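Q: Listed below are the residues making up each chain.
Protein chains: 2
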Amino acid sequence: MYGHNGRVTTHPAPSPTQTDDCRPSLTVSPLSLDDAQDFARIFKAVADPTRLRLVSLVAAHEQQEACVCDLTEPVGLGQPTVSHHLKILVDAGVLHREKRGIWSYYSLEADTLNRLSAFLSPE
Amino acid sequence: MYGHNGRVTTHPAPSPTQTDDCRPSLTVSPLSLDDAQDFARIFKAVADPTRLRLVSLVAAHEQQEACVCDLTEPVGLGQPTVSHHLKILVDAGVLHREKRGIWSYYSLEADTLNRLSAFLSPE
Numbered sequence: 218m219y220g221h222n223g224r225v226t227t228h229p230a231p232s233p234t235q236t237d238d239c240r241p242s243l244t245v246s247p248l249s250l251d252d253a254q255d256f257a258r259i260f261k262a263v264a265d266p267t268r269l270r271l272v273s274l275v276a277a278h279e280q281q282e283a284c285v286c287d288l289t290e291p292v293g294l295g296q297p298t299v300s301h302h303l304k305i306l307v308d309a310g311v312l313h314r315e316k317r318g319i320w321s322y323y324s325l326e327a328d329t330l331n332r333l334s335a336f337l338s339p340e
Numbered sequence: 218m219y220g221h222n223g224r225v226t227t228h229p230a231p232s233p234t235q236t237d238d239c240r241p242s243l244t245v246s247p248l249s250l251d252d253a254q255d256f257a258r259i260f261k262a263v264a265d266p267t268r269l270r271l272v273s274l275v276a277a278h279e280q281q282e283a284c285v286c287d288l289t290e291p292v293g294l295g296q297p298t299v300s301h302h303l304k305i306l307v308d309a310g311v312l313h314r315e316k317r318g319i320w321s322y323y324s325l326e327a328d329t330l331n332r333l334s335a336f337l338s339p340e
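Going line by line, the protein sequences match chains A and B.
Going by this note's numbering, the first residue of the first sequence is number 218, and it counts up by one from there.
Going by this note's numbering, the first residue of the second sequence is number 218, and it counts up by one from there.
To be clear, the hints were calculated from the coordinates, so they are not data collected in a lab.
Given the structure is predicted, the values throughout are model-derived calculations rather than measurements.
Among the hints, erroneous ones may be present.
To be verified - Computed beta-carbon distance windows for the label pairs:
(1) B:318 with A:258: 37 to 45 Å
(2) A:308 with B:240: 26 to 34 Å
(3) A:315 with B:307: 18 to 26 Å
(4) A:240 with B:279: 55 to 63 Å
(5) A:320 with B:307: 27 to 35 Å
Don't be surprised by glycine CBs; every beta carbon is placed ideally from N, CA and C.
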């Protein structure tokens with residue numbers, strides 16, 4: 218669902234109308250089991266203090282992208298551990314990974330964050 | 218929408234200014250460890266398909282509140298299991314519990330959902 222190919226997803230960012238009309242919301246009607254499992258999987262990826270800090274560090278980094286070498290020192294963890302956390306965030310569609318040369322660069326998946334935010338909004 | 222009868226919370230909903238100025242955001246600046254731990258704790262509570270369905274069932278129920286007896290059948294689980302999940306949601310501040318007579322009634326903590334939604338919004 219969140220697969221990428223050179224920053225192209227199969228689910229383009231929705232218009233506000235699409236968000237209001239089609240996307241599941243936690244507070245509008247009872248969730249289907251499929252939707253509940255889908256959102257629980259993404260929330261599980263962000264339900265960790267280190268992973269939340271990694272997302273915020275990527276967002277605050279120059280051009281809103283960072284490589285693992287930029288992230289190890291701020292979170293005080295080694296590269297293998299940070300890479301493990303980043304993989305979980307990429308697999309959940311919260312971060313996007315792009316390989317350039319010998320480094321992978323991570324950036325936000327704004328569509329996923331918008332989707333989570335709209336899902337939780339009680340308005 | 219959430220200020221129904223008998224529903225007094227200790228956390229009034231913030232004004233938009235408070236949300237913009239004072240509350241942590243995932244994408245505005247690097248999160249402190251305290252904020253990361255605080256939000257990770259709440260996300261952990263909702264990172265479960267059954268608990269997400271329980272929240273959505275409470276929201277969709279008459280007057281946006283429900284007792285455990287209203288919730289067991291829709292999720293197909295026994296009362297002790299449902300009560301366990303509801304306790305996790307109450308402890309995380311996602312649901313509010315109010316005892317009336319022999320039953321406890323659960324309703325949404327709109328302030329917590331607004332806080333999570335604003336935290337995740339990349340805009």
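Q: Broken hints, numbered, in rising order?
A: 3, 4 and 5
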